[in-house]
Structures are given as structure tokens and as C-alpha cells.
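Chemist: Given the coordinates of chain F, work out where chain Z should sit on it, guided by the hints.
Protein chains in written order, with the working numbering: chain F, 43 to 412; chain Z, 9 to 188.
Simulated from the structure, these hints should not be mistaken for laboratory data. Nothing here was measured: the structure is a model prediction, and the numbers come from that model. Worth double-checking, as some hints may not be accurate.
As the list claims (entries may be wrong) - Here are the in silico distance ranges between beta carbons for each label pair:
(1) F:S199 <-> Z:A94: 50 to 58 Å
(2) F:S382 <-> Z:W73: 52 to 60 Å
(3) Z:T154 <-> F:Q334: 57 to 65 Å
(4) Z:N89 <-> F:T197: 54 to 62 Å
(5) Z:T92 <-> F:L72: 17 to 25 Å
Note that the Cβ used here is the ideal one computed from N, Cα and C, for glycine as well.
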Amino acid sequence: MIRRLRDAFGGGASGQAADAAVGHGMADVLAALDNVIDDDAALGCIYAGTGKNVPCAATGQAAAAAAGQESAAAGRPESAAAPAGARWLAGSLLPVAAVAAVLTAGAVVLAAVGMPGSRPGGTGGPAVNAAYVVKRVDSALDAAGPVAIAQMTITTSSAATAGGHSLATTAREWSYGDQWRAVTYSAAGQLVYDEGSSSASVYTVVSYLARTWARQPRLGGPAALAPGGCAPLVAALPLPFQPGLPVPGVAASSLPATVARALRAAVSCGALTATGRQRVDGIEAIELTSRQDSVIPETIWVSPGTYLPLRVVIDPAPGQPGPRQTADITWLPPTAQNLSKLAVPIPAGFRQVPLAQAVRPLMRRSESQP
Amino acid sequence: MVTVMVGPEAGPLPAVSSRLTDVEFAEFFRAEHKKLIRFVMAIGADGDQAAEVAQATFFKAFEGWDVIRTPRAWIRRVAVNELTAARKAARREAPQATLPDAPVPVSTALAVELTEEARQVLAALQALPPRQRQVMAWIIDGFGATEIARELGVSPESVRQNYARARKNLGRFYGRSTKR
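This is chain F alone, in the form it adopts within the complex (with noise of 0.2 Å):
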């Protein structure tokens, strides 16, 4: 696009291609107005008006308690805090209207504060407002959870060792309502052990291994998010080579929740902040990152189309040892194909044995981890 507004304006430029090339921007300008601006909602502002510059009580709420939240942090009263016409106009903002109400008081808080545009290593682009962006994400994953499978592969990367070899393994996860599917290889790329819980809260796993299997119903539900749900993200990925079996001993957050839900999660607690685009995948994202007093360090890429994440990033602990982690995100259609991804299959020849037994040898080996 660069190049051909270059072509259209640079010198010797036909005038024709300059008028193109404005043309194609001022379309981009509607096309942007017309995911932000709510006709309809400022249409019934203008019917339900006496006066100019009259707020509109009807739909402006949503937006004006989030005003109303600012004003109030900045010790001032509502009414100062942005003219009659402003509130009416945040009222008539599509997404605004429709996620104000689940703000969290961080997230409001993020808006106040923005962004620096650009950072070393990001492609630049617009100064993006953190908190609009995570409304975008946190509405595009409550929209996505009931008609998506989220697909993940986890690399997991360990500090290079002594001889200057770092080990990575991978998972791969499918994410589906209450259902889940984690499926881990070692770092020889060996299947290591498959797990999952059905819609009816099955359990599953298989262990590679021992070459077992075990089953335990009621077991399998998603991981509970603490009251509030402002868990780190770390709480939606599986922990290298540990099952997600919660059971005694073993961190419930290991348990691969809904990825959604959990990335719902820490984005609307306001935990993240929008600090620029980057390229992923060929796709001009926009990038996420956990704030710096952030216990765990976490990245998300989201995509600029659809808000949804594309890829999350999690290292460990300023100052601590630790493995990188970094999922790559793909969103699929609920096709019969692709919620076959959700069952565990038992192969051929394996033993079924007792949930315990099937769990040990994964336990041990989680254990002798780095």
C-alpha cells in the first residue's frame, strides 16, 4: 500500500493515480468508521434529543459509567470530565457500548495511561489505546468460545545447558467449551502421553510411556479461575511434561483450561497493556504484554482482523531460571473433523490401569525436569 500511495504522490505521479490513491484511503477511513460508529444508537440519540449536544441517557450509559470511573479517579465530577457531546459520542461507539460494562477498574485505568506507539523490534505502526484493544479481544474471545475450537502448539524452551543446548518440547491442544485435548511430545518429538476430558467431564489420559491408559469420569472439568478470574495466562497452557491431572499435589493450573476463558480472563483483569504491532505470522498484530510488575512475564500477539490472540509468549520470572513457553494459536470451525481433535484415542495394545499408576512414570518425569 506504501508503494503504491509512493507511485500515486511521488513525483511525476499521474493525477489519476493520486485521486485513486486517496480514494482507496478515505474507503479504509469508512470501512474503520464503520466498526467503531453505531448508526442506529446515535440515530435514537438524535430522535430522543431536545437539544444540541444533549447526552443520550439510552445509550450512553455503558460508556459514560467508564467516563464516570476516570473522572471519579481524577477527583473530579462526571459532568467535567468530557462534554455532553462526548458522552453521546461514546455511547454510539460499537464496541464500548458493548464491553463497558464488564471494565475492570485496571482496565480503565489503561486507558488513561495508553501506549507508546512503537517499541525496538516492533514494525511500528499506530499508537493503539491498551484498553480498546483489550475490550476487542476480550468480546472477540467471548464471542469465539461457544463457536471456535482454539488450537494450540506449545514449544516450551529450557535455558541452554552447559554445552550451549537448550531442549524444546512441544504440546499440541485443543481447546472446546468444556472439552480439552493436550497431547505432549519430548524433545525428541516421542509422544510422551495424550490427555483430555470429554464434554462429560471423562478423563483421559495415555501414557506413551508405560504404554497405559486410564479413565476417571467427574474428573476432567476446566481448571476453576480464582474468584474474579485474574489468573496469569500461564493458567491456559499445560506445564512441560506435567499431566493436567488434578489431582493432590498437582498445581490445578496445570490443568489446561479453556483457553478462552482463560485469556478472557487476564485480558479483561487488566493485567496487559498494548504496547505496539509486530509481525506474526504475516500478519501485522498487535502486540500485548504483561505489565512490568507482573510476576509472570506474558506476551500476546492479537490480530488487527479479528482480535483474537494469535500467538501468547510466557517467560519466566525476572531473575529466575525457567522455560520459555510460546503458543500458536489457530481458531477452528466446530466441523466434525475437527472436534474429532477433541478425543483422546487409545491405542492398540496399551493396558488400562488405575488412574494412579498411569499417572506415575509422567510425575516422575516432571519431577527429573529441569
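Modeler: Same frame as chain F, but now just chain Z:
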């Protein structure tokens, strides 16, 4: 003596007429609302200001809908006046020892939604002299030189000259920005 009218001419007619007006206005509003915001942005306002100007303009259009003959041109002409008035009012406002207004979300939302191409073109338009910018804004919305001349109170030749200069300046602007 008071005459009480009965039948279809009495009472219901104004209501029906009002409903027809509402429907017609609503159709026009849905077709032009965002275009008017874009028009005001093209002549130099940011997203928040443009949306506010559009609101004020459409409110006036709603009030005077029955007598407006060329609504597409009318709302643009009124929007330019509204923007000018808003800017004058802003200059008259005495500074106060309060925090600046919290940002309203149109501009911040647009900062995310606008493509690079859109931002570049808006920036290029902002760099034009006001008259050239106005002419470009009208042309972008599909108005011809004669119509623009009538709305701006200038000759069609003046419109054509400003358009030619605007295109030339857009070329210069973009050439400069890519050399940085």
C-alpha cells in the same frame, strides 16, 4: 364556536406525516452519517471532533428536514460551519486549573482501526492549505466543480485550480514523508 374535525384529515395525518419524515430521515442518516464524519475529518478535525460535529449537524437537519432541498450538500455546508464555530468556541474558553478532558474513544478506536494507507492520506490532507483541503473533501464525496463552487461561494474555475494545486501538494507531501 369550535369546529371539531373528524375523519381521516383530522388527527392522524400529522402523525403519519411525522413517521414518514422519520423513516426518510433515518434512511438518509444511515447513508450519510459516517460519510459526514469522514468529510469533517478530511477537512481537518480529529475523530472525536468530527463525530461531534456530525451529531450537531444531523440534529439541525432533523429539525429542518422538511425544508432542506439538497440534504447531502446541506449537511456538509453546515458541518463546516459547525466545525468553525466549535474551533472559535474552543479558542474563547478560558484555561482552567483542571485536568484536560479524558480522551473520548472515537479517536482512540480509530487509531487501532485505521489502516496505514488511511492514516497517510488523512495526514496528507491535513498538510494542505484549508481551501484546497475543503475542495478535496467535497470531491472525495463525489461532488462536481459546479456544485462545490456553489457551496463554497467561489467560481468553478477556482475550484478546479484548488483541486489541481491540492493534487500537486499531495504529491510533494508524500514524497517528503517517504524521504525521512
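Chemist: If a hint holds in the structure, say so; if it does not, say that too.
Modeler: Now the hints, each set against the structure:
Between S199 (chain F) and A94 (chain Z) the Cβ separation comes to about 55 Å, which falls inside the hinted range of 50 to 58 Å. For the hinted restraint 52 to 60 Å between S382 (chain F) and W73 (chain Z), the CB-CB distance of approximately 59 Å keeps it satisfied. Taken as a hint, the range 57 to 65 Å holds for the pair T154 (chain Z) and Q334 (chain F), whose Cβ atoms sit roughly 60 Å apart. Remark: the range hint 54 to 62 Å for N89 (chain Z) to T197 (chain F) is upheld by a beta-carbon distance near 60 Å.
In this structure the supplied range 17 to 25 Å holds for T92 (chain Z) paired with L72 (chain F), their Cβ-Cβ distance being about 24 Å.
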